[in-house]
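Novice: Sequences and hints are given; from them, build the entire structure.
One line per chain: the protein sequences are A and B, in this order. Note that my numbering has the first sequence beginning at 481, numbered continuously upward. Note that my numbering has the second sequence beginning at 21, numbered continuously upward.
Everything labelled a hint here was simulated from the structure, so no lab data went into it. Keep in mind it's a predicted model, so treat the numbers as computed, not measured. Do not rely on the hints blindly, as some may be mistaken.
[To be verified] Here are the simulated distance ranges between beta carbons:
1. A/Lys508 with B/Ile267: 54 to 62 Å
2. B/Ile126 with A/Ser503: 37 to 45 Å
3. B/Arg131 with A/Ala623: 25 to 33 Å
4. B/Thr323 with A/Arg620: 21 to 29 Å
5. A/Gly544 with B/Leu106: 51 to 59 Å
6. B/Ile33 with A/Arg620: 28 to 36 Å
7. A/Ala649 with B/Thr340: 32 to 40 Å
[To be verified] Here are a few chain B residues that face chain A, going by a calculated C-beta distance under 8 Å:
8. Asp218
9. Asp220
10. Phe228
[What the hints assert, rightly or not] Keeping only pairs whose Cα atoms sit at most 16 Å apart, straight-line, the calculated EDC-like set for lysine to aspartate or glutamate is:
11. A/Lys571 with B/Asp218
12. A/Lys571 with B/Glu219
13. B/Lys336 with A/Asp616
14. A/Lys640 with A/Glu670
15. A/Lys571 with A/Glu625
16. A/Lys640 with A/Glu669
Even for Gly, the Cβ is constructed at its ideal location relative to N, Cα and C.
Residues per chain are reported as follows:
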Amino acid sequence: MPLLELDGVSKRFGGLIAVNDVSLKIEKGESFGIVGPNGSGKTTLFNLISGIYRPDSGRIFFDGQEITELPPYRRAQLGIGRSFQIPRPFKGATVRENVAVGALFGTLSGKIDVDSALEIADHYIEVVGLHEKRNDEAERLTAVEKKLLELARALAMKPKLLLLDEVVAGMNPKDVDRVVDLIKRVKEEEEIAVVAMVEHVIPAVMKFAERIMVMHEGRKMVEGPTLEVLMMDEVAMVYFGESKLPGE
Amino acid sequence: MRRYVRPMIPVIILYLTLLLVGLSSESRWQPVAFIMFYIALGQALNMFLGMTGYVDFGYVAFLALGSYGMALAFSSFSSLGLWVILLGFVLAIIMSSLLSLAVGAIALRLRGAYFAIATIGVNEGFRYLVEGVRLWGGSEGIIISSTMKDIFGSDLSNYISTFVADIMVFVIGFIAAFLTVYIINSRIGYALMAVREDEDAARVMGVFATKYKIMAFAMSAIFAGLIGASAWTLKLTYVFPEDVFNITYTVEAIAIVMLGGAGTLTGPIMGGLIYGFLRYYLSTVLPGFQLLVVAPLLVLIVTIFPEGVMGYVKRKVRNTRFEKYII
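Specialist: What follows is the structure, given as C-alpha cells:
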C-alpha cells in the first residue's frame, strides 16, 4: 500500500484547470521530485495534498485512509508536513518557538508537553544548523535561514511525508548542496518520504530524487526514474521549446 | 514553575503599588479604581485581541451581559442573601460565555477584517433586542439599589458598591494576568501565537485554528462579563442598556491593548494605567476636553511605539537578564 495516493485529482479556478486529472503514488520513505515550469500546477498540487484546497474531483489517500475531505490540520496530525515556497515563519516569535509549534501540533499532537516540544525543537534547530540563532526572532533571519527554519519546523512535526516547495530556490550552489545533503540524511534516519518540487534547480533533483514526475499545464506529462525522465526530448521541450532566448 | 513566577513579578509590583496608592488616602481610592477598571478591561480584551490578532468591535456586549447577569441575580434571587453575589458572577460567566460561543462559532470562521465587520452588528443588535422586546426591563434597565439595601442593609450595601466592587475588579484583573502567563507558556499559547502570526501556516502545521480562536474568545468574554458584573452592576447598582452597550468601551479597550502592547502580559496593565490616568486627570484639569487631549497623545505614543509600550520594552530586554521577567 502506498503512503500517498492521488486518484485522478483535479482542481479548477474559474476557467483555468490548475491540476488536471493527476494520479500519483508515493511509497513510504521514497524520494520523489516534481518538476515543471512556472504555472504547471505544482503548488496547487501541494495545496491539494496538504489540504489548503479540496479537489473538484478525484480522491486522495494517505497512510491507509481517505483524506480528500480532511482539513489541513488533521492531515498535518496524520503526518503530512510541508514547507512554503516563500517562507512563512511566525515572524514575531523566536526560532525556537517557531519550531516548537511543529513538534506540539504535528504527529505528536496531544502526546507531548511544551518542555518536550522545546527539546525536539532544539534537536532539529541543531540539525539544520540554526542553533546560534535559536533565540532570535524569525523575522531577523536571512532568506536562506528562513528556508532552513521552514525545514526544521516541518521536521519537528515528525511527518511521514514531507512536501518541500522550492526549498533550494534562490540559494547559491554551496547552500544547495548542503541542504540537499541535509534532507537526504534526515530522510534516511527518520524514514520520511520526501516530495520535493523544483522549477529550475535540476541538479538538486538529480542528486536527490529516485523518481520524478514532470508537470505541464496542470497535467502529469511523464513519470519515472529521474535520469531517464530528464533525458526525454519532450521534457526538454517543456522547458526550452517555447523560449525565445537561446540558452535560457 | 519559574517561567510562571518570574513574569508575574512586575505584575505584582504594579498591582501592589496601585493598591497601596489607592488605600493611602480616601480621595485616591476612586481614581485608582477608575484606572483599575481600564487595566482589567485591557487585560480581558488582550486575551483575545492580543493573543489572536482579531479585532472584536462588539466586545462591550460581553461586559453588558455580565452586568445583566449580576443584576438578574439581584432582581430574581434576592432570597439567597450574600450568596446572590456569587450567583451573579456565575450568571455573568454563563451569559457572556454563551454569547461568545454563539458569535464565535459563526464569526470566527471568518478571517481578520471579515470577523471585525461581522462583530460590529452584535453589540448594536443585542442592545436593540433588549430595548425593542423589553427584555430585562427594556430601556428602563434594572435598578438593584433598593434590593441591595433590603438584603445587606444600607451600610454594607454602601461598602459593597464603594469598596468591594472595586476590589473585585482588582482581583479579576490579577486572575486574568495569571491566566495570561499560563496561556502564553502552554500549548494553547503556542497555537494562538501561530494563528496570530500566520493562520495558514499554523493550519498546515496541525493547529486547529478555529478551536483555539474560540477558546481565546470565550475566555476573554468571561473576564469581560466578570468586569461588567462588578465594575458596573455592583458598583453603580443599576444597569441601563444605553450605558452598558456603549461602543466607546470597545474602542477604549482596543486603544489600551494596542497602546500597552498586544499579546504581552504587562502591556494591557501599562496601557490601562496610562489611558486611565490621562482620562481621569485631564477630566479634572480640562473638563470636557479630555478626549481632545487623549486622542492626539494616543496617536503620538502609538507612532513612537508601534508595537505598544511594553512590546517595545520586551524587544529591548531580549537577550538580557530581564528577558524572563517581561513577556
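Novice: For every hint, state whether the structure bears it out.
Specialist: Going down the list of hints, with the structure as the test:
1. A/Lys508 with B/Ile267: 54 to 62 Å: 57 Å, holds
2. B/Ile126 with A/Ser503: 37 to 45 Å: 38 Å, holds
3. B/Arg131 with A/Ala623: 25 to 33 Å: 27 Å, holds
4. B/Thr323 with A/Arg620: 21 to 29 Å: 23 Å, holds
5. A/Gly544 with B/Leu106: 51 to 59 Å: 53 Å, holds
6. B/Ile33 with A/Arg620: 28 to 36 Å: 31 Å, holds
7. A/Ala649 with B/Thr340: 32 to 40 Å: 37 Å, holds
8. Asp218: Constraint on B/Asp218 satisfied, holds at 5 Å.
9. Asp220: 7 Å, holds
10. Phe228: Interface hint status for B/Phe228: holds (5 Å vs cutoff 8 Å).
11. A/Lys571 with B/Asp218: Answer holds: A/Lys571 to B/Asp218 is near 9 Å, not above 16 Å.
12. A/Lys571 with B/Glu219: With a Cα-Cα distance of about 12 Å, the restraint between A/Lys571 and B/Glu219 holds, given a limit of 16 Å.
13. B/Lys336 with A/Asp616: 13 Å, holds
14. A/Lys640 with A/Glu670: 9 Å, holds
15. A/Lys571 with A/Glu625: Since the Cα atoms of A/Lys571 and A/Glu625 sit roughly 13 Å apart, the hinted pair holds (cutoff 16 Å).
16. A/Lys640 with A/Glu669: 12 Å, holds
Against the hints set out earlier in the document, no violation occurs for any number.
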